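**Student:** Note that the protein sequences, when read in sequence, are chains Z and L. When we follow the working numbering, the leftmost residue of the first sequence carries the number 62, and every step to the right adds one. When we follow the working numbering, the leftmost residue of the second sequence carries the number 157, and every step to the right adds one.
These are calculated hints, taken from the structure and not from any lab test. Accuracy of the hints is not assured; some may be wrong.
Partner residues are not named here, just some residues of chain L that face chain Z (Cβ under 8 Å, in silico) [unchecked claim]:
1. Lys197
2. Ser204
3. Ala243
4. Glu260
5. Thr261
Straight-line C-alpha distance at most 27 Å; calculated BS3-like pairs for lysine-lysine [as the list claims (entries may be wrong)]:
6. L:Lys165 / Z:Lys142
7. Z:Lys167 / L:Lys223
8. L:Lys165 / L:Lys223
9. L:Lys196 / L:Lys208
10. Z:Lys142 / L:Lys178
11. Z:Lys129 / L:Lys200
12. L:Lys223 / L:Lys197
13. Z:Lys142 / L:Lys192
Label-pair ranges, simulated between beta-carbon atoms [claimed, not checked]:
14. L:Leu239 / Z:Ile78: 40 to 46 Å
15. L:Thr169 / Z:Ile171: 35 to 41 Å
16. L:Lys223 / Z:Ile78: 45 to 51 Å
17. Z:Thr105 / L:Asp174: 45 to 51 Å
18. L:Ser195 / Z:Ile171: 23 to 29 Å
19. Z:Pro68 / L:Gly172: 36 to 42 Å
20. Z:Gly114 / L:Asp252: 23 to 29 Å
Just so you know, these numbers come straight off a predicted model, no measurement behind them. All C-beta atoms, glycine included, are put in the ideal place defined by N, C-alpha and C.
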Amino acid sequence: GQNIDQPTEMTATEGAIVQINCTYQTSGFNGLFWYQQHAGEAPTFLSYNVLDGLEEKGRFSSFLSRSKGYSYLLLKELQMKDSASYLCAVRGPGGYQKVTFGTGTKLQVIP
Amino acid sequence: DTAVSQTPKYLVTQMGNDKSIKCEQNLGHDTMYWYKQDSKKFLKIMFSYNNKELIINETVPNRFSPKSPDKAHLNLHINSLELGDSAVYFCASSQDMGAGGQHETQYFGPGTRLLVL
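Required output: the full structure, derived from the provided sequences and hints.
**Tutor:** This is the structure we're talking about:
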């Protein structure tokens, strides 16, 4: 099975940098996704990591350490519109394997 | 040019009724999913179909029956609705579930907010 842990809530200031952590314990691993979900809306894809290291995409970066079962999402130059939930999701190994979502981290950006 | 669409967006119904939610994707994807997101915002997979074939069937009461008439459509029928079925149901699609990597990036529909009274 898969177990995914994220902080429930975080608060950060507009213009700052925030790091949202995700730890996972899985019987196998084949990729980690980050999704953003604004209140009342659908999740949207942010990033994908399958190898160790940092993937950068504009203001957002995602890091993975497979040996530590750890990932983080880094948001720079925070904007008010970044207030949302951030979901970490892990794919199991093998062919048709489900993607298991964490419970999400609700980020509030304050002026 | 909506990628993944669901109908209805809102559904309010009485306990014991039977209802259906429809989902369509125009992305040409092979895989479609149904998720349930409860009041605590936990997103849990219910079913997955790949090219009209059932691939994932999580521990879901058999009152829930998915149907995929073609790979662009995945509908969800719920019999004998219960209070605990109240949630947001999301449909999603991905290019190919078995391919791994970014082919499994999921694109979500807008959700169907189901309230059972």
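**Student:** Confirm or reject each hint.
**Tutor:** Here is how each hint holds up against the structure:
Contact between lysine 197 of chain L and chain Z, as hinted, is supported at the beta carbon level, the nearest pair being about 6 Å apart and thus within 8 Å. Hint status for serine 204 of chain L relative to chain Z: holds, with the closest Cβ pair at about 7 Å, below 8 Å. Hint status for alanine 243 of chain L: violated, given a least beta-carbon distance of 14 Å to chain Z, over 8 Å. The restraint placing glutamate 260 of chain L at the interface with chain Z holds, with a minimum CB-CB distance near 6 Å, inside the 8 Å limit.
Below 8 Å, beta-carbon pairs count as interface contacts, and threonine 261 of chain L has one with chain Z at about 5 Å; its hint therefore holds. Proposed proximity of lysine 165 of chain L and lysine 142 of chain Z is supported: the alpha carbons are some 24 Å apart, at most 27 Å. Using a Cα cut-off of 27 Å, the hinted pair lysine 167 of chain Z and lysine 223 of chain L is violated, with the two alpha carbons roughly 34 Å apart. Between the alpha carbons of lysine 165 of chain L and lysine 223 of chain L the distance comes to roughly 19 Å, so the proposed pair stays at or under 27 Å and holds.
Between lysine 196 of chain L and lysine 208 of chain L the CA atoms are separated by roughly 31 Å; this puts the pair beyond 27 Å, and the hint is violated. In summary, the hint linking lysine 142 of chain Z to lysine 178 of chain L is not supported, as the alpha carbons are separated by about 30 Å, beyond the 27 Å threshold. Under the criterion of a C-alpha separation no larger than 27 Å, the hint pairing lysine 129 of chain Z with lysine 200 of chain L is consistent with the structure, at around 25 Å. This hinted pair checks out: lysine 223 of chain L and lysine 197 of chain L have alpha carbons roughly 25 Å apart, not beyond 27 Å.
Restraint check for lysine 142 of chain Z and lysine 192 of chain L: the C-alpha separation of about 25 Å stays at or below 27 Å, so the hint holds. Remark: the range hint 40 to 46 Å for leucine 239 of chain L to isoleucine 78 of chain Z is upheld by a beta-carbon distance near 43 Å. Between threonine 169 of chain L and isoleucine 171 of chain Z the beta carbons are some 39 Å apart, a value that agrees with the proposed interval 35 to 41 Å. Between lysine 223 of chain L and isoleucine 78 of chain Z the Cβ separation comes to about 46 Å, which falls inside the hinted range of 45 to 51 Å.
At about 32 Å, the beta-carbon gap between threonine 105 of chain Z and aspartate 174 of chain L misses the expected band of 45 to 51 Å. Separation of serine 195 of chain L from isoleucine 171 of chain Z is about 25 Å and conforms to the stated range, judged on CB atoms against 23 to 29 Å. At roughly 40 Å, the beta carbons of proline 68 of chain Z and glycine 172 of chain L sit within the given window of 36 to 42 Å. Between glycine 114 of chain Z and aspartate 252 of chain L, the C-beta spacing of about 25 Å keeps the proposed range 23 to 29 Å intact.
Against the hints set out earlier in the document, violations occur for numbers 3, 7, 9, 10, 17.
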